[in-house]
Amino acid sequence: MPIVAVENVWKRFRIPHEKRSTILDHIAGALSVLEGKRYAYEEFWALKKVSLELGEGESLGIIGPNGSGKSTLLKLIAGVMKPDIGTIRTNGTIAPVLELGIGFHGDLTVKENASIYGVLMGLHRSEMKKRTEAILEFAGLNRFQDAKLKTLSSGMSVRLAFSIAVETEAEIFLVDEALAVGDMEFQQKCLDKFREFKKEKKTIVLVSHSMGLIREFCEKTLYLLNGEVRSFGSSETATTRYLDDLKAVT
Amino acid sequence: MTVLAEKDFKVRYRNSVLGFVWALLNPLAYMAILTLVFSYLLRVTIPNFPAWLLVGLLVWRFFSIGTAQGLFSIVGNPSLVSKVYIPRYLIVLSNNLANFIGSSLEFLVLLPLLVWLGVGLSAYALILPLLMVLEFLLVFALSLSLSALNLKYRDFYQLWDIALQLGFWLSPIVYDASLIPARFRLFYSLNPMTSLIEAVREIFLQQQLPTAFDVAVVLASVILFLALGLLIFRRSEKRFAEEL
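These protein sequence lines are chains A and B, in that order.
Taking the numbering used here, the leading residue of the first sequence gets 1, the next gets one more, and so forth.
Taking the numbering used here, the leading residue of the second sequence gets 251, the next gets one more, and so forth.
Worth double-checking, as some hints may not be accurate.
[Said to hold, decoys possible] Sample of chain A residues at the chain B side, in silico, Cβ under 7 Å:
| no. | residue |
| --- | --- |
| 1 | S21 |
| 2 | T22 |
| 3 | I23 |
| 4 | G79 |
| 5 | P83 |
| 6 | M211 |
No lab work stands behind these hints: they were computed from the structure.
Because the structure is a prediction, the values reported are computed rather than measured.
Glycine included, every Cβ here is placed at the ideal spot set by N, Cα and C.
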């Protein structure tokens with residue numbers, strides 16, 4: 001049984017050419033349609049015909065230039081967004097670390113935010129209480145546990161998100177370039193954790209621009225270009241293809 | 251979900267007992283000023299006017315604060331929508347739950363005051379939790395539609411704000427429903443808040459069972475708005491993450 005199965009997934013976004021976010025905008029927009037103007041937005045397929053499968057203990061790297069659909073795919077796998085066409089099935093609990101950290105409520109303390117996040121990821125409340133200590137320890141934020149979350153720096157907040165995700169004992173980790181924000185010491189800690197996960201046969205889905213990282217942790221790699229699969233297969237092949245493409249451009 | 255409700259509760263009362271005291275002060279201040287205006291200046295002759303008024307205010311308060319905050323539950327919690335996946339209606343539900351607990355506490359704390367103001371407690375008071383649950387469901391049903399609409403139309407809250415202000419005066423909070431001319435009566439009583447407020451007053455002030463009509467109107471509107479809310483919410487929740 002595959003751990004992650006992505007089948008013929010398409011995802012569409014709309015790029016509006018006029019701002020329509022309020023009732024008044026919509027009324028004004030409707031009036032201009034009466035005058036014969038069209039409601040202008042462009043359709044943009046962020047992902048086209050993406051399919052892949054991950055077996056047990058396999059990890060996936062996702063590479064490609066900015067705007068090629070990497071983060072979108074990760075969000076689809078996390079279930080945060082839904083594909084317009086196609087299906088995504090996952091088998092196991094998911095711990096997503098999507099873009100720039102967390103912040104459920106800036107006015108609550110670091111500790112409170114951590115426990116909310118943990119429970120949302122499926123940990124039991126009593127279990128979470130016990131783990132909070134370990135999480136703060138891993139994030140190196142012990143001193144700040146009673147500080148309001150909004151006072152943390154963005155790097156600290158990413159560290160927090162990452163530490164909680166690591167402690168939730170999920171089976172699938174989705175990591176979106178989160179590592180790039182942490183300092184060297186923290187990155188090292190995270191990599192050690194990843195190595196542990198690999199030993200435990202857990203699945204890591206890693207969006208990264210670091211080919212070295214991808215080659216070390218991921219058996220398979222998906223190279224996305226303009227929303228399409230340019231290459232999917234062994235990490236060696238896919239990363240080489242990406243680097244070759246880069247050379248061809250420059 | 252209880253964790254989320256707790257979060258909303260903490261944020262609402264800023265984690266302090268004092269925050270709750272402020273929440274109590276609001277309806278009390280309203281009661282004082284409205285009693286002054288209506289029973290001393292306008293000479294309204296409703297028996298037990300302050301208690302009668304306070305009951306109406308408390309019921310209305312849960313509705314107005316519950317829906318006004320429920321409306322922001324999605325827009326105000328971007329990370330719950332776009333950083334992790336949980337069923338989205340839970341975000342709305344937990345927000346409503348926090349307000350439900352807050353409002354129930356308000357009733358509980360102000361109950362002795364109501365007694366002091368001349369309200370007799372009887373076994374009928376035990377119906378209050380049931381009515382509160384119905385009101386909670388009504389608030390949840392409306393919050394589903396409102397939170398989805400407020401995401402699509404970012405100024406929707408302005409419209410709801412006006413609707414709430416009109417609703418306050420279109421419900422029998424500061425005047426008795428019998429003042430409404432007979433030809434408008436049917437239309438007027440279709441407002442579920444009218445029935446809800448009257449039902450709560452019936453159990454506290456008249457000390458009798460709420461009329462079947464009032465209960466029926468509340469139940470019917472709960473079902474109607476719940477169906478509508480689920481429909482709107484289901485349709486729009488797929489695009490929540492990208493519209494935030």
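Hints versus structure:
1. For S21/A, the interface hint holds, the least distance from its beta-carbon to any beta-carbon of chain B being 5 Å, beneath 7 Å.
2. With its C-beta approaching chain B no nearer than about 4 Å, T22/A sits inside the 7 Å limit, and its interface hint holds.
3. Taking 7 Å as the C-beta cut-off, the interface hint given for I23/A holds, the closest approach to chain B being about 5 Å.
4. Below 7 Å, beta-carbon pairs count as interface contacts, and G79/A has one with chain B at about 4 Å; its hint therefore holds.
5. Taken as an interface hint, P83/A does not check out: its beta carbon lies about 10 Å from the nearest beta carbon of chain B, beyond 7 Å.
6. Against a cut-off of 7 Å between C-beta atoms, the interface hint on M211/A is violated, since the closest Cβ of chain B lies about 27 Å away.
Hint check: violations occur at hints 5, 6; the rest are consistent with the structure.
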